[in-house]
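Put chain B on the given structure of chain A with help from the hints.
Quick note, the sequences are listed as chains A and B, same order. Here the numbering used here is used: the first residue of the first sequence is 1, the next is one more, and so on. Here the numbering used here is used: the first residue of the second sequence is 1, the next is one more, and so on.
The hints are simulated quantities; they were obtained by calculation from the structure and are not laboratory data. Just so you know, not all the hints are guaranteed correct.
[Claimed, not checked] 27 Å max Cα-Cα, derived DSSO-like pairs, lysine-lysine: (1) B/K155 / B/K132; (2) A/K196 / B/K155; (3) B/K353 / B/K280; (4) B/K153 / A/K196; (5) B/K303 / B/K353; (6) B/K280 / B/K311.
[To be verified] Rough simulated footprint, nothing fancy, chain B against chain A, three-plus residues with beta-carbon under 8 Å: (7) 194–205; (8) 216–224.
Backbone N, C-alpha and C define an ideal beta-carbon position, used for all residues, glycine too.
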Amino acid sequence: MMIRAVKGLTRRLPIIIPFFWLFVFFLTPFFIVLQISFAEFEYGQPPYVPNFRKVEGLSDFFTQLQMMTLYSYEILLSDNLYWKAFLSSLRIAAVATFFALLIGYPLAYGMARAPRSIQPILLMAIILPFWTSYLIRIYAWKAILQKNGFLNNVLIKLSVITEPLTLLSTPFAVYLGIIYTYLPFMVLPVYSSLEKIDPSYTEAARDLGASGFTTFWRVIVPLSLPGVIAGCFLVFIPAMGEWVIPDLLGGSGTLMIGKQLATELFNNNDWPVAAAVAVCMIVVLIVPIVVFQRVQERDQLRRQQEG
Amino acid sequence: MTQQDKLISPAPTTDFSPWAEQDQEPLVQFRNVTKRFGSFVAVDNVSLNIYQREFFALLGPSGCGKTTLMRMLAGFETPTSGEIIVDGKNIVDVAPDKRPINMMFQSYALFPHMTVEQNVAFGLHRSGGPAKSEIEDRTNRMLKLVQLEPFAKRKPNQLSGGQKQRVALARALARSPKILLLDEPLAALDKKLREQTQFELMNIQEELGLTFLIVTHDQQEAMTVSSRIGVMRAGQLQQIGTPGEVYEYPQTGFVADFIGDTSLFEIEIVGQEGDFTVAKWNGAEAPVYLRALDDNPVDPAAKFLSVRPEKVTVSREQPTDAPNAFKGKVVDIAYTGSQSVYHVELSPGVTIKALDTNRLRLVASSITWNDEVWVSWRARSGVVFQS
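Bound-form chain A, shown alone (with noise of 0.2 Å):
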């Protein structure tokens, strides 16, 4: 009896782990942030009204119960401010991911191409920014785009320009600083299913007639969708709850919600409205996230009926 507990356990361990894992650093930490999002704001540590402790009876529960409020999201919903940084960051998120496609796929495609030896090389290249801080690098493209920055004194340098451009603190400077930062999240994937493609589709395209283009654009293109949507979410779901970005290349007229809740959390100290943002932003980004896990799901069934 005991045995086969112990044994049914060790069976049961390599799932249980995980589940712990997520519901302590995850879920706890989530409901948390969701109960903050019911509390009333008052000046004080913490700076809300406590509304949960130990449940004492059933009319204690209904009590601790009529003590949620919905006045934060009351607030999300009547100051149009976070709709316009919730669009803002959505469109932003979007034009991100557009030219991070645009310039990723080349890029991946040109690395599976490659001799088979450079590959790794390649591969490596794409990966080593992660070895600096990401904000170290924000900071170095502050350096860049700033005034007197590397890039307004190498233009002016070669005459292209006489007068410094304004590149920091435009929504251009932004825009870069997503793109570069999450362009490997698109590279790697959309390589990843460039590189799996048996080379005789190719072969059999060009067999049957097809031009070099009509190749790439019938078979290749299609046979690669599965690391460009895998890309364009990794891309785009960072990117939507950015924060770092905006607020040291953006200016005061950049609006992202991610940096919105950094606000209210910072310098407001009003950490309801901020929860509220917060899960308001889980809300929206479930919808992404679940469709690229089907996605996911269904290639990679796809890929075992094909083994």
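Chain B only, in chain A's frame:
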């Protein structure tokens, strides 16, 4: 008409042997074609003519260069030197999509994101090409040819191996190529289906009047389907001939051994005794008698003798009429149902294979392990060569 009826190959109406006719222009000519990959010579100075309506088989062990030779004809490899002439034109610099040649890939290479129909129609879409209705028509005819009409809307991953093979065939044939290349087309199929498909391929080739070039390592497949076989080894063509020629008149020990089954012996020709050439060998004290099929003298420089198992008779009593009769001991029997192959040891380390058809329904053969037996063969049954 049942499936079985379709498999029966129509008897050849005329003697088909364009390679023997002086005035015949070959459809494909490999002229001194060499292909090197770095320092490795994949194809070594190969010259070969293939004629219209031929079903030519390139046969050889893996790595012998047969696939490289075919890929050069398809346009996926460029020869290091030499010319490839198709229809009187050197096509070495022509891109694969501009060649009147289509290939059926070993992996089939069916586009997984397209339906069967779309796969077959793929090669028909081109600017200035046939109209939509024409493409549809052609696709349907191709699907009908390979009996896959009910599967038109399926994706390749919903098909069996045999069905995939047919789609690949239909796709390659859809563009009506002058030459169809088949790269190990049946390797992925099980034995029964493979044999059935061999006949289907032959029928289709005959029906459409096309030229087929097949690459295979399966000698039985090559013998069954082809009009001629080119046997390759280490980048070189060892012998070109009809299946009968390469089987009965192998020019090297390699060809004799690779095609069919044989016993090979080292010999040394010592003299002549009437019609027979006499040779010393290591099979027995007594010499072995040789005679050429066409009454030419046996090559006096021959160093090897090949005797096919089916030409060797095994018996308990000493045969009286055969010039070559030797005593030995049965060391192994390979029973395959229809026939048994006896491995008879003539002298220490020297064995000969003798094939006996099991005409009678006896489970236990009269000859068994360790029996003393006589093996014999006619002087004309042995084939000799220098290497």
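Checked hints:
1. For a cut-off of 27 Å, the pair hint linking B/K155 to B/K132 stands: about 21 Å separates their Cα positions.
2. Using a Cα cut-off of 27 Å, the hinted pair A/K196 and B/K155 holds, with the two alpha carbons roughly 19 Å apart.
3. For a cut-off of 27 Å, the pair hint linking B/K353 to B/K280 stands: about 19 Å separates their Cα positions.
4. Using a Cα cut-off of 27 Å, the hinted pair B/K153 and A/K196 holds, with the two alpha carbons roughly 26 Å apart.
5. Note on B/K303 and B/K353: the hinted pairing holds, with a Cα-Cα distance of about 20 Å set against a maximum of 27 Å.
6. With a C-alpha separation of about 20 Å, the suggested pairing of B/K280 with B/K311 holds against the 27 Å cut-off.
7. Remark: the stretch 194–205 of chain A is confirmed as covered by chain B, as 6 of its residues place a Cβ nearer than 8 Å to a Cβ of that chain, reaching the required three.
8. Check result for the stretch 216–224 of chain A against chain B: holds, 4 residues qualifying (beta carbon to beta carbon below 8 Å, three or more required).
Consistency note: the structure conflicts with none of the earlier hints.
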